[in-house]
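Chemist: Chain by chain, the residues run as shown.
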Amino acid sequence: MPEFKIQHITKYSYDNFVRDSANNIILFPIVDIYQDVIKHDLVITGNPQVDTYVDYYGNEVGSFTNTEPHNQLIINSQLLVNTHARALPVDNMFASEQWNELFNLRYIVPYIDFLKQEYFEGLSELQPVVENERKTEDTPYHTALKFCQYVYKNFEYIKGVTTVETTLDEIWKIKAGVCQDFAHLLMVMLRLVGIPARYVSGYICPNRDGMRGEGATHAWAEAYIPGYGWLGIDPTNNCIANEMHVRLAVGRNFSDCSPVKGVYKGSANHKLEVSVSVGYEDNHLPEEKDIFTASTLPKTETTASRNSYARYMEIVQQQQQQQQ
Amino acid sequence: MYQSQHFEKYNLINGVWDEMYSENSIVRHHYKKVIEYLAQESPDDLGKKEELAKNLFMTQGITFTVYNSGEGIEKIFPFDIIPRVITSDEWCIIEKGIKQRLTALNLFLKDIYHNQFIVKDGIVPIDIIYSCPHFLREMYQLNVPYDIYVHIAGIDLIRDHDGTFYVLEDNLRTPSGVSYMLENREITKRLFPDLLPNCGVRSVTEYPSILYKNLLSLSPRQISNPTIVLLSPGIYNSAYFEHTTLARLMGVELVEGRDLVVNNHKVYMKTTTGLQQVDVIYRRVDDEFLDPLVFNPNSVLGVAGLMGAYRKGNVAIVNAVGNGVADDKATYIYVPDMIKYYLNEEPLLKNVPTHRLSNKDERDHVFKNINTMVVKKTNESGGYGMLMGHAATEEEIEKYKLEILKDPRNFIAQPTISLSAAPCYIGGALQPRRIDLRPYALCGPDGIEIVPGGLTRVALKEGSLVVNSSQGGGSKDTWVLA
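From first to last, the protein sequence lines are chains S and B.
Under numbering that gives the first Met the number 0, think of the first position of the first sequence as 0, with each following residue one higher.
Under numbering that gives the first Met the number 0, think of the first position of the second sequence as 0, with each following residue one higher.
The set of hints was computed from the structure by calculation and includes no laboratory data.
Keep in mind that the hints are not guaranteed to be accurate.
As the list claims (entries may be wrong) - A short list of chain S residues far from chain B (calculated; beta carbon distances all over 12 Å): (1) Lys4; (2) Asp35; (3) Lys38; (4) Ser95; (5) Asn99; (6) Leu125; (7) Arg133; (8) Asp137; (9) Pro205; (10) Gln319.
Said to hold, decoys possible - Ranges between beta-carbon positions, derived for each pair: (11) Met312(S) / Pro414(B): 37 to 45 Å; (12) Gln59(B) / Arg105(S): 54 to 62 Å; (13) Pro407(B) / Val30(S): 41 to 49 Å; (14) Ile122(B) / Asn268(S): 49 to 57 Å.
Stated by the list, open to error - List time: in silico DSSO-like cross-link candidates among lysine-lysine, alpha-carbon distance up to 27 Å: (15) Lys260(S) / Lys269(B); (16) Lys359(B) / Lys115(S); (17) Lys172(S) / Lys152(S); (18) Lys10(S) / Lys172(S); (19) Lys115(S) / Lys400(B); (20) Lys264(S) / Lys311(B); (21) Lys405(B) / Lys10(S); (22) Lys460(B) / Lys47(B); (23) Lys109(B) / Lys212(B); (24) Lys47(B) / Lys264(S); (25) Lys265(B) / Lys260(S); (26) Lys115(S) / Lys119(B); (27) Lys405(B) / Lys115(S); (28) Lys311(B) / Lys260(S); (29) Lys95(B) / Lys115(S); (30) Lys109(B) / Lys115(S).
The beta-carbon is built from N, C-alpha and C at its ideal position, and this holds for glycine as well.
Kindly produce the complete structure, drawing on both the sequences and the hints.
Modeler: See the structure below:
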């Protein structure tokens with residue numbers, strides 16, 4: 000029953016004053032029998048009133064605004080979380096029976112959302128890979144682990160190589176990415192064979208050997224296994240996500256779960272720095288490790304447009320686009 | 000009987016319901032007074048009236064922009080001076096039918112965003128809902144005042160060759176055109192001042208006051224003078240004239256997204272004397288652009304944080320967000336089933352038979368008979384992206400087929416319905432042109448009200464079946480007789 004102390008700081012700095020910012024944060028760990036939140040301190044610049052609600056996927060979302068001019072926004076989330084290991088699937092049902100069960104979930108809520116795969120160009124190349132990896136006698140559980148290994152082995156983990164706006168096509172071409180890309184790829188493969196797959200955002204808590212994905216928010220996938228439920232699989236580390244993974248949110252993809260997103264008014268560029276540090280309860284927090292700049296991390300805010308004409312044309316076009 | 004030269008060129012179109020003449024070229028009873036009046040007028044008089052109407056439209060700035068027409072944004076909405084007449088019996092069917100339909104559609108939206116009974120019971124296929132881009136998961140379990148989602152509906156009706164009314168489509172998001180209904184009547188009053196009372200034409204002018212009353216009743220704050228605003232995309236929108244007209248007629252503020260700001264889950268309007276809290280927003284901006292925080296982050300038309308205020312119940316939004324799942328053309332197919340399911344009633348208004356192209360058998364059938372079909376995109380409106388099978392070239396058809404095969408879910412097909420014809424004053428004589436009818440229904444806490452009338456749209460080109468204003472169609476005044 001490990002207990003983790005997590006500090007997650009998101010810092011936006013603007014090179015000019017901005018105002019009227021509105022933000023959504025998904026930084027509240029999921030609470031269930033495998034995960035308890037003992038303490039959660041959330042400190043935000045300007046002490047705004049944070050309203051929370053539960054979204055369609057069951058995630059707790061906080062929202063707040065800041066209308067005053069400001070040139071900095073810091074969201075400091077400090078957590079004390081307690082996790083419990085979950086037994087792995089027994090996997091003693093016949094494979095055919097399990098595939099049948101999955102087949103029958105195709106048009107059932109919520110699975111329907113987690114089976115739909117958007118089109119991307121690499122799909123035609125990925126299809127034979129998937130067919131090749133999967134053997135008919137394999138259970139969904141086995142298949143999921145094989146796919147996880149495939150992603151782990153065939154894609155290179157390079158910090159900062161992609162951003163949240165990088166498409167699956169690009170990732171498929173460069174055969175490299177960060178944790179969210181690994182998660183997305185695994186989800187595509189699972190969905191192709193009819194295993195419902197969802198995206199998970201959260202934190203990874205390091206063991207002695209160190210793990211990929213430390214120092215920032217982490218992401219992995221969950222596959223729906225008949226007779227078991229959602230099984231966390233971390234293709235970045237090629238392991239089952241269990242008591243070392245702290246879950247914040249689930250969804251169809253990254254954008255359903257993005258930990259912090261916001262928009263503001265003002266013609267300023269912004270820099271985003273995120274740091275995540277995790278320690279065991281009896282130890283002090285380790286030093287902050289990584290500072291990411293805006294180019295490598297969620298760029299959800301409108302960057303200043305320096306071309307006023309282009310901006311004007313965009314406004315005209317949007318006004319005309321409204322239907323009915 | 001009518002020797003006037005206006006009627007010489009009026010040739011009935013074969014196999015088409017004519018609003019004025021019955022099959023034996025006998026003038027229908029409800030058109031008699033209009034026709035008698037017109038017969039007395041010299042062609043010169045009618046020509047003058049037409050000229051007057053044009054001038055009035057221009058000087059009053061009653062415009063509708065047709066994008067890419069190269070005529071700038073101030074293009075007048077073509078108006079035909081001859082009114083379209085509807086009997087009180089016909090109106091009775093329309094009114095009852097629309098009320099029934101709208102009641103079911105509101106129940107459907109509430110259900111889809113809460114318990115989803117209709118999906119669980121297999122009445123509406125779940126994949127239609129979950130593959131619809133306008134099914135907004137952000138609306139799930141969000142409660143709206145009085146469970147009303149569709150406050151304003153524009154239901155498009157057409158008449159087949161035997162005169163039966165059919166619903167062609169439901170417009171439940173931000174239906175436009177009602178200001179033209181009001182303006183057409185104002186102009187007609189000046190063109191034919193005596194004729195309206197003589198014929199016993201029912202009034203439509205109550206529309207803005209009914210809408211205003213409904214907007215007031217939605218205010219979350221129980222105060223005597225809540226702030227109501229009309230949120231417009233801006234001057235480049237084709238219906239900007241309508242936005243200004245409705246705001247003026249109701250006496251509410253006309254705002255754009257940049258005039259509003261959200262603070263602590265409340266919406267405020269920026270005024271010269273500071274921020275003023277907004278209670279009700281009648282928005283004419285699409286869902287996708289409404290809140291850049293939740294929907295399209297590049298939107299400059301919306302208000303960041305608006306959905307948060309909406310969810311907290313601090314502001315009412317008209318129409319509700321997420322209605323597109325109900326007026327999607329694939330959902331349309333199931334509206335008669337919804338009426339039976341929720342109301343336990345037989346639908347009073349018929350649907351046009353519609354094929355889902357995601358179903359292979361139906362798709363094959365449509366491809367084989369494409370010359371008699373109209374193919375439409377499921378979530379477009381305004382007549383954009385349509386294929387009229389009988390008028391398209393081989394090449395156009397082949398190109399369109401490829402597009403369909405890429406994403407069949409996004410297309411439906413309907414047999415070409417002939418649309419009824421009504422007399423229009425064109426080139427100095429009366430000529431039949433195809434028309435449809437869009438009545439406007441208003442749903443408030445007291446129930447559904449429909450002003451007797453609507454927008455009759457006309458396909459001005461001879462032989463054309465496309466009445467959409469955005470495709471160069473015109474309109475005429477619509478008279479419902481008492």
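Chemist: Hey, Lys260(S) versus Lys269(B), does the alpha-carbon distance stay inside 27 Å?
Modeler: holds (25 Å)
Chemist: In terms of Cβ atoms, is chain B entirely out of 12 Å range of Lys38(S)?
Modeler: holds (26 Å)
Chemist: Against the 27 Å threshold, does the CA-CA distance of Lys10(S) and Lys172(S) hold or violate the hint?
Modeler: violated (32 Å)
Chemist: Given the hinted pair Lys311(B) and Lys260(S), is their Cα-Cα distance within 27 Å?
Modeler: The hint holds at about 19 Å.
Chemist: Compute the least Cβ-Cβ separation between Ser95(S) and chain B, then decide whether it is above 12 Å.
Modeler: The claim holds: Ser95(S) sits with its nearest Cβ about 25 Å from chain B, beyond 12 Å.
Chemist: So the hint says 41 to 49 Å: do the beta-carbon atoms of Pro407(B) and Val30(S) match that?
Modeler: holds (42 Å)
Chemist: Just want to verify: Asp137(S) was marked as not at the interface with chain B; is every Cβ pair farther apart than 12 Å?
Modeler: The assertion about Asp137(S) holds, with a minimum of 27 Å to chain B.
Chemist: Please verify whether Lys264(S) and Lys311(B) have alpha carbons no more than 27 Å apart.
Modeler: holds (23 Å)
Chemist: Look at the Cβ atoms of Gln59(B) and Arg105(S) and judge whether their distance stays inside 54 to 62 Å.
Modeler: holds (56 Å)
Chemist: Please check whether Met312(S) and Pro414(B) have a Cβ separation lying inside 37 to 45 Å.
Modeler: holds (41 Å)
Chemist: Taking 27 Å as the top limit, are the C-alpha atoms of Lys405(B) and Lys115(S) close enough?
Modeler: Holds, at roughly 16 Å.
Chemist: Is Lys460(B) within 27 Å of Lys47(B), Cα to Cα?
Modeler: holds (22 Å)
Hint compliance for this structure: hints 10, 18, 21, 24 and 29 are broken, all remaining hints hold.
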